[in-house]
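Same order as they appear, the protein sequences are chains A and B. Per this note's numbering, the first sequence starts with residue 1, numbered consecutively. Per this note's numbering, the second sequence starts with residue 1, numbered consecutively.
Keep in mind that the hints were calculated from the coordinates and are not lab data.
Stretch by stretch, here's where chain A covers chain B in the computed footprint (C-beta under 8 angstroms, at least three residues):
id, region
1, 62–75
2, 276–289
3, 328–338
No residue lacks a Cβ here, since even glycine has one placed at the ideal position from N, Cα and C.
2 protein chains.
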Amino acid sequence: MRVTGKNLSTVFVIFLAVRPACGRVGEDLLDRAGRIFKPLAADMPSPANPITPEKIRLGKALFYERRISLDGTVSCWKCHPISLYGADGLRTAIGNGCKVNPRNSPTIFNAAGQIAQHWVGNRRDVEDQARQSVTGPGSFNMPGYQSVEKALEGIPGYVNLFRKAFPDAARPVTIENFAKAIGAFERTLVTPSAFDAYLKGDRTALGDAEKRGLAAFLDTGCAGCHAGAYVGGGSYQKFGVIAPYWKYTKSEPVDVGRFDVTKQESDRYVFKVPPLRNVDRTAPYFHDGSVSRLEEAVWIMAKVQLGKDPEVRSVRDIHSFLESLTGKIPDDALKVPVLPGRE
Amino acid sequence: MRVTGKNLSTVFVIFLAVRPACGRVGEDLLDRAGRIFKPLAADMPSPANPITPEKIRLGKALFYERRISLDGTVSCWKCHPISLYGADGLRTAIGNGCKVNPRNSPTIFNAAGQIAQHWVGNRRDVEDQARQSVTGPGSFNMPGYQSVEKALEGIPGYVNLFRKAFPDAARPVTIENFAKAIGAFERTLVTPSAFDAYLKGDRTALGDAEKRGLAAFLDTGCAGCHAGAYVGGGSYQKFGVIAPYWKYTKSEPVDVGRFDVTKQESDRYVFKVPPLRNVDRTAPYFHDGSVSRLEEAVWIMAKVQLGKDPEVRSVRDIHSFLESLTGKIPDDALKVPVLPGRE
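Next up, chain A with everything else stripped away, as it sits in the complex:
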């Protein structure tokens, strides 16, 4: 049966109570997906930090810059290597002086459009994340913002790049402008994939397994949280709605999540819903990287969030769908900047 505009609402009313998770019965999969997801835009703009070529150029150099870390080995790249889709492949990040961080490095791709940064939303946006990381003990561990500004002012090429990126600033080399430049670069890091082509109307962009997986993803209820352009990243949710997450992830220690930030009891075990763009390339999974295989992560999510026990075949199809979210890294982001010298 094919639903037309005419009979759609009748059908909807009749069947909604019976199969609420399955969308409008007989509704075209693409139409159904179109109500829930959005293709990626060309970039992720911010009124507070307009993207300019000069900021991107500076920001990309700063992204690779390790001479602003206490031990001289940490740059943004360390935890967000572009060669590995912007995540480091570790359970939890390792920063300056080999300090182990409490949570898994989220990828920087498609990050700037999310509700907030990091797993518990303790970084407002990508600019805030860049700014705070330079003094974070588990990141760059610099003694203060002034020490970063001084280090950058000591490299003449950077003074020029800052001047070009912030032509109206009386003093261009500031931590605020550092954060804005990196933010502007990160706001360009979108990775359109086969799924975007599909959402834009190309029904051949997904194969059969991917389409079955998309349907299973929707039917299982995953899109209740993993929706929008980033297939997540737009809300906070308790991890372990049905059962404690750590019984399945074997997490040790148990992380209380956003409670750390707000001290609200309602935020206990609450985390930002991670976006699923490039999820196939950014193992291991969850806030503590406790699970290394994607299909196990999918099954755990169905179990502890939705109280479901999906069949192996269904999980495999969902995996296929998730692979269709692996996108193309922008050419410019794949060009290594040559950093300015000290003399």
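Place chain B on chain A using the hints.
Just chain B, lined up with the frame of chain A:
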């Protein structure tokens, strides 16, 4: 006076004893330089490891690969970031688990053509360096070559890349082929500069200060060791011919150099003569990174190797000449490879 072919040998005989370090008096600076240096070739081939596009492709991926290090943070890039001209900017390298290495990371650019690798020549060639680094405690610190092979075999994309690079191998994923692939990539890393254009006959490629610096470099005697295509890298020499090096570099502890390798008394304080290509961009200087400014390094070399005390102006000119050795990183080396995923 301008020396022509006709009167050259007479002039040479008369003046050689008087100013032996200065070359043939009145000899054209370019001719003089041409007898000592060579322009860089297109690559640095090895009969034992022919360079192929497939090996380069694999080798570049492996160069960025950190999933073959014990703590998951070390790739070749860590100590040889291409964004910083292939050296890490640290006094001495920091490897797996933050282990501090005894010596400064040499740049990988123009390295493959040198007499040996590392400061004391304890790595035969770039292939040997790549192979030994994966088990070196201060580098990747993997428990053995087998563990590296196993890790790579666990990433299906690599199995394909190895097969393409070594089509005749019964078992392509071996540590030997790992080393060959990285070696093939590194054998392409040449950085031709203004100095090469000059050596090839373009007299306008160097400015006045650079030419004065080249003349001072030759007159001072630097080219006694720093010669050839790499302006060094072709021989071993005692560091501190005239005076102990550590009195000037303030090195602590004192490094006995190649004596560590050969246990020959004649190798005490002997190091590979570092190549000076891109030296302006690869601070800090010397085997222990003890000196951070290039002009200080130049002055120390004149003092402890040649017993000279060059004027500030002369050191500055030599600095200008050394800047002309800063070359262009090959476009392909400036493209980040996207590494294969695990699943």
